[in-house]
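Q: One-letter residues, chain by chain:
2 protein chains.
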Amino acid sequence: MNSAVSTLRAILNPRSVAVIGASGDPAKFGGRVMHFLVKHGYRGRIVPVHPTAAEVLSIPAIPKLATGDPVDVCILALPAALLPAALEDCGRAGARGAVVITADFAETGAAGAARQDALVQIARSHDMRLIGPNCLGYINPHLQLALTSSVALAVEPMPRGAIGLASQSGSLMASLISHAQDLGAGFSVAATVGNQADVELCDLVEYFIEDDNTRAICLYIEGLNDGARFLALAQRARAAGKPILAVKAGRSAAGQQVTQSHTASLAGSYAVWEAACRDHGVCLLDDPEALIYCADFLIRFGAPTASSVAVMSPSGGTVAVTGDRVVAAGLTLAEPGAATVAELRKLLPPGRTINPLDVGGLPRTSGLDSALTAYELLAKDPAVGAILIAVATTPQLEDKVRQWGSAALAGSKPTALLLTPGTLVDGARNALKKIACPYTNRLDDTLRVLRAAVEYGEALRNPPPPASPSSFIAALCAHAAALPDGRLTEPETKTLLRTCGIHTTDDVLAATPDAAIEQAQRIGYPVVLKGVCRDLVHKSDAGAVKLNIADASALQIAWQDIARGLSAHLPGATLAGCVVQPMIRGGTELIVGCRWDPQFGAVVIMGCGGVLVEILNDVQMAIAPISAAHAKRLIERLRIAPVLAGARGRPPADINALADAISKLSTMAAALGPRLTELDINPLLVHESGNGVIALDARATLAASTP
Amino acid sequence: MNSAVSTLRAILNPRSVAVIGASGDPAKFGGRVMHFLVKHGYRGRIVPVHPTAAEVLSIPAIPKLATGDPVDVCILALPAALLPAALEDCGRAGARGAVVITADFAETGAAGAARQDALVQIARSHDMRLIGPNCLGYINPHLQLALTSSVALAVEPMPRGAIGLASQSGSLMASLISHAQDLGAGFSVAATVGNQADVELCDLVEYFIEDDNTRAICLYIEGLNDGARFLALAQRARAAGKPILAVKAGRSAAGQQVTQSHTASLAGSYAVWEAACRDHGVCLLDDPEALIYCADFLIRFGAPTASSVAVMSPSGGTVAVTGDRVVAAGLTLAEPGAATVAELRKLLPPGRTINPLDVGGLPRTSGLDSALTAYELLAKDPAVGAILIAVATTPQLEDKVRQWGSAALAGSKPTALLLTPGTLVDGARNALKKIACPYTNRLDDTLRVLRAAVEYGEALRNPPPPASPSSFIAALCAHAAALPDGRLTEPETKTLLRTCGIHTTDDVLAATPDAAIEQAQRIGYPVVLKGVCRDLVHKSDAGAVKLNIADASALQIAWQDIARGLSAHLPGATLAGCVVQPMIRGGTELIVGCRWDPQFGAVVIMGCGGVLVEILNDVQMAIAPISAAHAKRLIERLRIAPVLAGARGRPPADINALADAISKLSTMAAALGPRLTELDINPLLVHESGNGVIALDARATLAASTP
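So the protein sequences, as listed, match chains A and B. The opening residue of the first sequence carries number 83 in the numbering used here; numbering runs sequentially from there. The opening residue of the second sequence carries number 83 in the numbering used here; numbering runs sequentially from there.
Any given hint could be a false lead.
[Stated by the list, open to error] Output of the computed footprint for chain A on chain B, the stretches with three or more beta carbons under 8 Å from beta carbons of chain A: (1) 226 to 237; (2) 496 to 507; (3) 734 to 740.
[To be verified] Computed cross-link-like contacts, EDC-like style, restricted to lysine to aspartate or glutamate with a CA-CA straight-line distance of at most 20 Å: (4) K428/B - D186/A; (5) K515/A - D508/B; (6) K428/A - E480/B; (7) K110/A - E480/B; (8) K515/A - D186/A; (9) K110/A - D481/B; (10) K515/A - E238/A.
[Said to hold, decoys possible] Simulated restraints, written as ranges between beta carbons of each label pair: (11) K462/B - A321/A: 54 to 62 Å; (12) G692/A - G772/B: 23 to 31 Å; (13) Q317/B - N699/A: 35 to 43 Å; (14) D623/B - R427/A: 53 to 61 Å; (15) E137/A - K462/B: 46 to 54 Å; (16) A650/A - A727/B: 23 to 31 Å; (17) R646/A - A658/B: 53 to 61 Å; (18) E671/B - Q317/A: 45 to 53 Å; (19) G692/A - G654/B: 52 to 60 Å; (20) N773/A - G772/B: 53 to 61 Å.
Just so you know, these hints were derived from the structure itself, not from any lab. Backbone N, C-alpha and C define an ideal beta-carbon position, used for all residues, glycine too.
Next up, chain A with everything else stripped away, as it sits in the complex (with noise of 0.2 Å):
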């Protein structure tokens, strides 16, 4: 365990804790924190520190904390302010750590975040973590410790069990809170960061990796410090067989906008996140509540080891309406063996299908029984991967519940029990909350579960397979070095990509037209003509391309062309001279790419070109760098994927060299680091199989040279 990790388990399991700011009245932080501290009957030191009150709630209260005898932890619920003497009090007095509920910070602007920078310089230089600031604390149920002023608290029990959460809003911890308390489920710790202005996410992570306690780790996000820690944690926290599950905010601009207002975060790109969590098993929710139910059922279940499911329901219309939404929500309905089948066939009316299987009103002798042994009978076929019973009304529901509940946990087939009707079935959902069998009550959050459940076995079984080092590494860096700063024209560009292995056109910049027609007699015509200006970035807009030239006399024409384009479109600019290209027919074009990513650092990017651009937004990507056979799952799922396979009697593409060019285009990004700014093969031409691919545009933008 490393110190940071040990410092923070100090923090989060102390022996004692000072609230500066105590009182005794509810409606305020202070008196909330004390008596939420009271309350749930945390056995530490409890210090309350109040400038005139000898004692809180009668406890014996302090004016101001003293040397020698350190409080583990403080919790600061105090007006901006005081906050930065009342922190150098706590450092002075020897604090590991110190919670800062109050907010106004970095959130509001610039004034705040210099605010908050100098309560970390503060913590820091006495070597004590800040936890917030804008943050509710954490709760440590296992010590029923509730170190925080949040109303969820005003409920008993404070609910223990083996999820670790971290969040950044403490409203929405107090909702998970609540939901874990109505399922039977709890936390090993609850803990919000607030603006993570010193505790940040990742070093939660890293401490429910470590955590005997914690068997899954739940993460409300609205922005990353370092996409790259989280990354590594990621896979630290896959071996340890502790899924992540995360809802991350920002997916939409709005969305973007609050997470500054609201934590000061910066959301990034979602689809980077997309990429980096299924790349690396974090399973992305995009609702918070559901983080619980996905937790509880991985926790109690474990992962599936099939990826289709099976569906019961004692109801008819049920059984109908959850087998579309299964399929809707992209799982794959299982289909049992013909052993299976045979026996299920024994205990039903004619007619009935087996996956989706209606199991009301089987046969009366049969009694409760059947609905058991349909249970059971889909529990050990090993083509079903996981079950979503989902109960209805029907009499003897709270028996059937009971005896299904129980056959869950106690067999090994992760199984999803959803109750669709209110409150009527609440001596069902008491049932399972009684055994500790995980259950939902909308099928929107059932499909969650088994959705997150089948996609972190997958992740499990199928980790993406590793990029392997590459030789062009010192080559291609001592090359970018040599290039300048900013845009790239399109022969630079494609030099560099040419120095990974990357098949590009064979472009020489001609000075003139006389030389470019000598070119053109070389290459044969018909021929491209395109004019290279650093300063223009969109070519076709330039007019500065001009295809299928069919002599000299037509490329005379089409160089004044350029140069008179460039001059309307961009006056005073230079035209160095044109690059002449074969006129390459066939094929279908992809564009290919890389960006620098402020979170996660070098990412490669790859989806269809040309027109449907616009229209399928048809991408994948991933963090870089990646295998070629890493590459091929991207161009997978490409929903331009039937096309490359070669769907409808075409040819197949040469998806091989595709993914061999994506592969060295992520490996010269990974190499480049944040220097490359951004790189675009657009399009790259992807011919039949056996004939590779041929990059015929590119451009690149390079940061100045980091000192």
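We have chain A; now place chain B onto it with these hints.
A: Chain B alone, transformed into the frame defined by chain A:
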């Protein structure tokens, strides 16, 4: 009110009911029915029918219904074998209706279907309506009448309200009753129709339209007996201001199989359903329980008069996530006007976004008022169609929620309150229930409510432009009458199209290569040569389409190729000849067609053509006939609409001509009815704006003329 409706009215509002198979044992169907009748306090006459008992639950029983003193409705929960005789008794005694709970009829196969038909015959012979079989009866809370064996009725009181529910599933009715109870919503009548042997969903829709107690209509549908009747009723419901909300099972193949085995329902094409519902203002939902949420919301608030929504919450994290989800759900975030923004800014800390709006931690001096003021500012802004308040834990939660709810009910802006935490905030839920303000517990449902309300509002404001009469119908019908049954050839199909004024290539069948060469010379090379053979479905697969033929000798070779290809592909088939067409380049290829749908009749379909068909599944459809203005709406909904409109500097396509062709084809489909099984124009080439469209290829199948 027509007589069918008045009969149903008598059955659903009976003065007297008989329970055939009455029992005092609540474990039996007839026992539960008796218990619920008594328990809920039905004040009409209850007549238990039992072969031997003198009384059931202290109510005098009779062994057999007597004539001369008819009950309005009988409910039968008997073994199938006893049903025919018992139903005869009901009919002879003069009952207006019989409710048959017993299952094992058409849903189990042909023998069951015959038994079911026999029941219907008995009912009809006595002029008695039959509800079921395989149903769970109904409730009429306005009469305190529970004529059902559903265990949902174990809970009191029956939820009385303005929702009319008709369900093919008894279990789903039970779940919906439970949810209505939890929300404080209720029913005018909730009825199950099971196999719809006689009384069907549309009968109930018609009843609800005319019923003063009903203000919104909810349907759970597995299959419709008469799609055209449903659409006519949808129009009446819209005129009556009563929204119809429906869940339709059978969206997936799996779901379709279940509807067959559950209620012997033919699910039909879900895509046609979606199109029909959208055009007729029916809100199609994917979740049964959400029917209650959406109906309750529309009853209390009516439809929004603008389509954009505002989001507010006292939790920053919830604001961010909710904003993301609203956008992901396809809803639009409203942009409040400058005056609203200026007023809001006075309340807010710096940096906050306006929509979604974080109303947490507003200055203490404004206390509760500021949270209410923020709501009222948004509510009075005309750019805001509806408001979503995501309630998270916050101090003074109940007071705030009560104020928001009261303001929502008192004002004119539809407002969806979402309470994300669990039982922790049940106090706030009860506060809303007490003032009869709708709310939801999960964002999924809130989004369903808002989407349904917004879509319903749009449907009210923008009904599809009606199709106007066409002049070509008489000529078309005469022409079609002269065509053979079965598959038409390409030239035959094109003559049909030209009859309606749809532009096609002007094909003349050439019987010999020489005749073809003569035509080609007239048209001008290059040309297209296509084999014509009635038995050939897919010309391309047989190599019967030769493009880009440059001269007479190439045409000779192409003809021989076509002849050889046909022999190889379809041994024994006769090549009737070939057609010669000009080689037309450019334009955008679409597919336009029509189908005869067994539930809804003639349907017109259009979508993008070529290789994109399989990748995009970019298809729109409508029940025929439709006007050109309506066809334009279909075109605008295509994903390739931006390409047709002229994206990225492309010339815009001739959308007017395309819409006109679609409208004409739809008119043809409606006019020819079931005679035209299907017709596909593939491709229909759409030229640049002003240059029209042309059908390059087409095929059709005619059903045997109805005698």
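Q: Determine which of the earlier numbered hints do not hold for this structure and return their numbers in increasing order.
A: 3, 6, 8, 14, 19 and 20
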